[in-house]
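Working from the sequences, and respecting the hints, build out all of it.
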Amino acid sequence: AQTVTQSQPEMSVQEAETVTLSCTYDTSESDYYLFWYKQPPSRQMILVIRQEAYKQQNATENRFSVNFQKAAKSFSLKISDSQLGDAAMYFCAYRSASSNYQLIWGAGTKLIIKP
Amino acid sequence: SQTIHQWPATLVQPVGSPLSLECTVEGTSNPNLYWYRQAAGRGLQLLFYSVGIGQISSEVPQNLSASRPQDRQFILSSKKLLLSDSGFYLCAWEQGGNQPQHFGDGTRLSIL
Numbered sequence: 392a393q394t395v396t397q398s399q400p401e402m403s404v405q406e407a408e409t410v411t412l413s414c415t416y417d418t419s420e421s422d423y424y425l426f427w428y429k430q431p432p433s434r435q436m437i438l439v440i441r442q443e444a445y446k447q448q449n450a451t452e453n454r455f456s457v458n459f460q461k462a463a464k465s466f467s468l469k470i471s472d473s474q475l476g477d478a479a480m481y482f483c484a485y486r487s488a489s490s491n492y493q494l495i496w497g498a499g500t501k502l503i504i505k506p
Numbered sequence: 130s131q132t133i134h135q136w137p138a139t140l141v142q143p144v145g146s147p148l149s150l151e152c153t154v155e156g157t158s159n160p161n162l163y164w165y166r167q168a169a170g171r172g173l174q175l176l177f178y179s180v181g182i183g184q185i186s187s188e189v190p191q192n193l194s195a196s197r198p199q200d201r202q203f204i205l206s207s208k209k210l211l212l213s214d215s216g217f218y219l220c221a222w223e224q225g226g227n228q229p230q231h232f233g234d235g236t237r238l239s240i241l
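Chains A and B, in that order, give the protein sequences. Residues in the first sequence are numbered from 392 upward in steps of one, following this note's numbering. Residues in the second sequence are numbered from 130 upward in steps of one, following this note's numbering.
Misleading hints may appear alongside valid ones.
What the hints assert, rightly or not - A partial selection of chain B residues facing chain A, derived with a Cβ cut-off under 7 angstroms:
1. 172
2. 173
3. 175
4. 229
5. 232
6. 234
Calculated from the structure, these hints are not laboratory results. Glycine is no exception: its CB is placed at the ideal position from the N, C-alpha and C atoms.
See below:
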């Protein structure tokens, strides 16, 4: 069974600096999708970035980028120029491209932005 | 553009009372629909998903049920709530199995 692990329960970063959130996953499949979601204190779950496993190029969305290492089964999220509005819980999620409709979620990392 | 509406935002119910949470999606057709529960400070637990009208898959056995009476409507129900049903409930939709899921604003359910 697939699993997703976020080993950092909490991270803090100074405003305007860069922070990297780690995510590792376990799967025997070769085709899948990976996601990062953000959940601010308002509790709304917001998609940050999506990566397709068959694409070697790392996905980027403005200040957010990923470091996707397929062989290592690692999918870290880098946030550049951190802003106060980035403070939130960040969840990593995995989905198989073939088996079923489930997203497998990590436990989350709480990101604190220091002004 | 597509939008998802989930209500109520907050609900306080006594133990043993019934429950009905509703979720509707606009701007798309035949979406996949999901109900999740999130305990405080934790990740998401998938409760139910639906790939079409009347088609419900349950991932966790419990006293909750789900129904999809219309294409873009997904309802989470219970006949008798338990204290353990307290939590934050999120509805989500997606267009196809390889697309990201998009979430409603959630319902905070407290059982007294």
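*Have a go at the residue 173/B hint: is there a Cβ in chain A nearer than 7 angstroms to its own Cβ?*
holds, 5 angstroms
*asked:* Given a cut of 7 angstroms on the nearest C-beta pair, is the interface hint for residue 229/B held or broken against chain A?
replied: Residue 229/B check passes; min Cβ-Cβ to chain A is 5 angstroms, inside 7 angstroms.
*Measuring from the C-beta of residue 234/B to each C-beta in chain A, is the shortest one below 7 angstroms?*
holds, 5 angstroms
*asked:* Just to be careful: measuring from the Cβ of residue 172/B to every Cβ in chain A, is the smallest value less than 7 angstroms?
replied: With a minimum Cβ separation of about 4 angstroms from chain A (threshold 7 angstroms), the hint on residue 172/B holds.
*Verify the interface restraint on residue 232/B: the C-beta must sit less than 7 angstroms from at least one C-beta of chain A.*
holds, 4 angstroms
*Regarding the hint that residue 175/B lies at the interface with chain A, is the smallest CB-CB distance below 7 angstroms?*
Because about 6 angstroms separates residue 175/B from the closest Cβ in chain A, which is inside the 7 angstroms limit, the hint holds.
In summary, the structure agrees with every hint in the numbered list given earlier.
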